[in-house]
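Peer 1: Going down the list, the sequences are from chains A and B.
Using this note's numbering, you'd call the opening residue of the first sequence number 1 and step up by one each time.
Using this note's numbering, you'd call the opening residue of the second sequence number 1 and step up by one each time.
It cannot be assumed that every hint is accurate.
Said to hold, decoys possible - Listing some non-contacts, in silico: residues in chain B with all C-beta distances to chain A over 12 Å:
(1) V87
(2) I105
(3) K157
(4) L237
(5) I238
(6) R286
Said to hold, decoys possible - Here are the computed distance ranges between Cβ atoms for each label pair:
(7) I272(B) to P122(A): 50 to 56 Å
(8) P135(B) to P131(A): 39 to 45 Å
(9) I134(B) to G286(A): 35 to 41 Å
(10) P255(A) to V54(B): 34 to 40 Å
(11) I272(B) to G258(A): 58 to 64 Å
(12) A128(A) to E76(B): 19 to 25 Å
(13) N124(A) to Q203(B): 56 to 62 Å
(14) P156(B) to E246(A): 19 to 25 Å
(15) S58(B) to E47(A): 51 to 57 Å
(16) T142(B) to P131(A): 33 to 39 Å
(17) A128(A) to T49(B): 37 to 43 Å
For the record, the hints were derived by calculation from the structure and aren't laboratory data.
All values derive from a computational prediction rather than experimental measurement.
Glycine included, each C-beta is placed from N, C-alpha and C at the ideal position.
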Amino acid sequence: MRKWFLIVATLTTLAAACGDDATPPADDGTPTESPAEGQTAATCAEEHAADFFQPDTLTVGTDVPAFQPWVAGTGERGPWEGVPDEGTGNPYSGEGYESAVAYAIAEQLGFSEDQVEWVAVPFNNAYAPGPKDFDFDINQVSVTPEREQGATFSDGYFDVSQALVANEGTPIADATSVADLQRYRLGVQIGTTSLDLVNEVIQPEQQPRVFDRSVDVIQALNNGQIDGYVVDAPTAYVNVLIGQAENGVVVGQFPEQGEHFGLVFELDNPLVECVNVAIAALEDDGTLQSLEDEWLADLTYPVLE
Amino acid sequence: MSSTPPGAPLPPEPLPTGDRRSRILWGGTHVEGRRAVLIALASTVVFFTVLIVVVVNSPGWDEFSAKFLDGEQFLESLPGIRRAFLVNIQLFLIAETIVLVLALIVAVLRSLPGPVFFPIRILTAAYTDLFRGIPTVLVIYTLGLGAPALQIQGIPKSPFFWAVVSLVLVYTAYVAEVYRAGIESVHESQVAAARSLGLSRWQSTRYVVLPQAIRRIVPPLLNDFLGLQKDTALVALIGVIEAFRQAQIDSSATFNYTPFLACALYFVLITIPLARLIDWLVARDRRRRQAGAAA
Numbered sequence: 001m002r003k004w005f006l007i008v009a010t011l012t013t014l015a016a017a018c019g020d021d022a023t024p025p026a027d028d029g030t031p032t033e034s035p036a037e038g039q040t041a042a043t044c045a046e047e048h049a050a051d052f053f054q055p056d057t058l059t060v061g062t063d064v065p066a067f068q069p070w071v072a073g074t075g076e077r078g079p080w081e082g083v084p085d086e087g088t089g090n091p092y093s094g095e096g097y098e099s100a101v102a103y104a105i106a107e108q109l110g111f112s113e114d115q116v117e118w119v120a121v122p123f124n125n126a127y128a129p130g131p132k133d134f135d136f137d138i139n140q141v142s143v144t145p146e147r148e149q150g151a152t153f154s155d156g157y158f159d160v161s162q163a164l165v166a167n168e169g170t171p172i173a174d175a176t177s178v179a180d181l182q183r184y185r186l187g188v189q190i191g192t193t194s195l196d197l198v199n200e201v202i203q204p205e206q207q208p209r210v211f212d213r214s215v216d217v218i219q220a221l222n223n224g225q226i227d228g229y230v231v232d233a234p235t236a237y238v239n240v241l242i243g244q245a246e247n248g249v250v251v252g253q254f255p256e257q258g259e260h261f262g263l264v265f266e267l268d269n270p271l272v273e274c275v276n277v278a279i280a281a282l283e284d285d286g287t288l289q290s291l292e293d294e295w296l297a298d299l300t301y302p303v304l305e
Numbered sequence: 001m002s003s004t005p006p007g008a009p010l011p012p013e014p015l016p017t018g019d020r021r022s023r024i025l026w027g028g029t030h031v032e033g034r035r036a037v038l039i040a041l042a043s044t045v046v047f048f049t050v051l052i053v054v055v056v057n058s059p060g061w062d063e064f065s066a067k068f069l070d071g072e073q074f075l076e077s078l079p080g081i082r083r084a085f086l087v088n089i090q091l092f093l094i095a096e097t098i099v100l101v102l103a104l105i106v107a108v109l110r111s112l113p114g115p116v117f118f119p120i121r122i123l124t125a126a127y128t129d130l131f132r133g134i135p136t137v138l139v140i141y142t143l144g145l146g147a148p149a150l151q152i153q154g155i156p157k158s159p160f161f162w163a164v165v166s167l168v169l170v171y172t173a174y175v176a177e178v179y180r181a182g183i184e185s186v187h188e189s190q191v192a193a194a195r196s197l198g199l200s201r202w203q204s205t206r207y208v209v210l211p212q213a214i215r216r217i218v219p220p221l222l223n224d225f226l227g228l229q230k231d232t233a234l235v236a237l238i239g240v241i242e243a244f245r246q247a248q249i250d251s252s253a254t255f256n257y258t259p260f261l262a263c264a265l266y267f268v269l270i271t272i273p274l275a276r277l278i279d280w281l282v283a284r285d286r287r288r289r290q291a292g293a294a295a
């Protein structure tokens with residue numbers, strides 16, 4: 001199986017190598033502020049061919065299960081069982097915002113779709129010290145200065161705001177300001193920027209409940225063990241949409257705080273330069289915006305200030 | 001010798017002075033004794049020097065020490081973790097008190113003789129088997145998030161409450177077995193003697209069997225409490241901010257693992273005195289028994 005995959009990968013690499021010649025002019029048409037003059041993501045990737053985790057393959061990490069709208073689509077390839085009804089997806093489908101962005105970046109770097117291999121990486125492991133078994137990880141990781149000490153991040157591929165989910169009909173669901181939220185018991189997932197927001201912006205009177213997994217936070221809300229939870233707005237949207245939060249409503253979103261999602265690289269991985277060129281190109285030609293419109297529409301809520 | 005596991009220190013039994021091996025190992029003469037001390041000292045120094053040199057010169061040492069041994073992070077995380085550790089202390093003090101009583105009841109029930117009590121023996125045996133078999137972390141997870149999901153009126157939803165219930169369920173099973181071992185270690189003739197003096201079955205259990213049994217099981221019982229104290233860290237899973245969860249929060253905020261070292265420190269500070277107490281109790285018990293035998 002593995003051998004077979006390698007053969008296919010090698011063949012497609014050859015095919016992609018032939019196709020490479022055709023892509024650079026298109027990129028040159030929209031010059032970006034690339035680190036080296038006139039460098040495209042593809043030529044950069046070619047120069048750094050030896051730095052990829054596997055030869056002629058772009059290895060991308062994300063969590064299992066992977067959730068919509070970040071990862072959508074069906075299929076059983078890899079450990080992902082994309083079940084649309086349960087809100088999960090399979091990154092190999094190329095559907096969902098992050099999956100689509102990863103494939104768009106792969107294309108910019110000169111990889112074909114078949115050369116993209118996905119590996120399972122739990123959210124909190126993305127920044128574990130030591131070597132990584134992926135080129136980059138795409139898993140809604142917000143970039144913070146502290147996190148940049150342990151891992152290298154790409155430029156942002158999505159600007160995030162945080163939102164509050166509560167049970168419909170409970171007093172907290174009528175909150176219109178941050179001050180309204182202070183007397184409630186809130187829940188968050190550990191290792192997320194949502195926790196910073198709770199501690200620094202909301203400053204609740206009761207200690208927040210901090211869970212390992214996002215499903216536990218949602219279960220605690222369903223149980224009534226917490227009054228509400230804070231999560232990034234796109235996730236809040238899906239939790240409510242597919243009924244994970246059984247009685248949930250998105251109460252509102254918090255003012256954007258310059259937070260964005262970045263791709264995670266092993267510390268000082270030189271490939272980040274190439275990927276930044278790719279992201280800049282996708283930003284300039286409107287690809288990121290159109291993918292956002294396609295997968296992340298309807299995500300605006302009243303702002304809690 | 002045959003029963004001594006490899007690597008375990010030899011018992012300092014007084015071997016005949018003519019035995020060459022004993023003189024080399026235990027210092028048959030004063031001069032040889034001093035030499036043994038010097039050799040022990042030198043080998044210890046060499047061993048730890050080599051260990052430290054190997055670890056410090058490992059290829060990942062710089063990254064490791066920056067990630068796991070950052071002095072500044074350590075000091076920064078101490079106060080928060082200390083505050084959170086109070087939750088662990090509350091948890092194990094409450095749980096240990098309940099376990100102490102509940103486990104004794106389970107053990108006595110399981111030791112009830114006679115065919116009438118068969119269902120009770122079956123039930124208690126099933127309980128101890130089940131809860132010694134299920135990993136504690138699963139019990140905490142399932143009860144902490146599962147029991148409140150039943151939405152039964154009057155059942156508390158507090159994760160702290162369910163954490164205590166889970167720890168009590170698991171550790172009562174262990175400690176009940178320790179009690180039972182103690183009860184069974186008391187020779188049957190003791191019960192027979194007590195009954196022949198006119199004590200009822202309950203009285204002979206209460207005044208003859210249990211006092212002897214409990215004295216024997218204090219060390220293994222405290223040993224189980226060490227386990228319970230460490231397992232309070234598992235409560236983090238259901239959202240309670242205790243020492244381990246606080247360390248995790250600090251760690252994920254800074255991408256640094258040093259807070260875990262600070263967390264470990266607090267656990268060790270609590271467990272080491274208890275471990276020493278166990279050793280002391282064992283030694284005291286041995287002394288008493290030897291004195292009793294001599295009398």
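Peer 1: List in ascending order the numbers of the hints, as given earlier, that are violated by the structure.
Peer 2: 1, 3, 4, 5, 7, 8, 9, 10, 11, 15, 17
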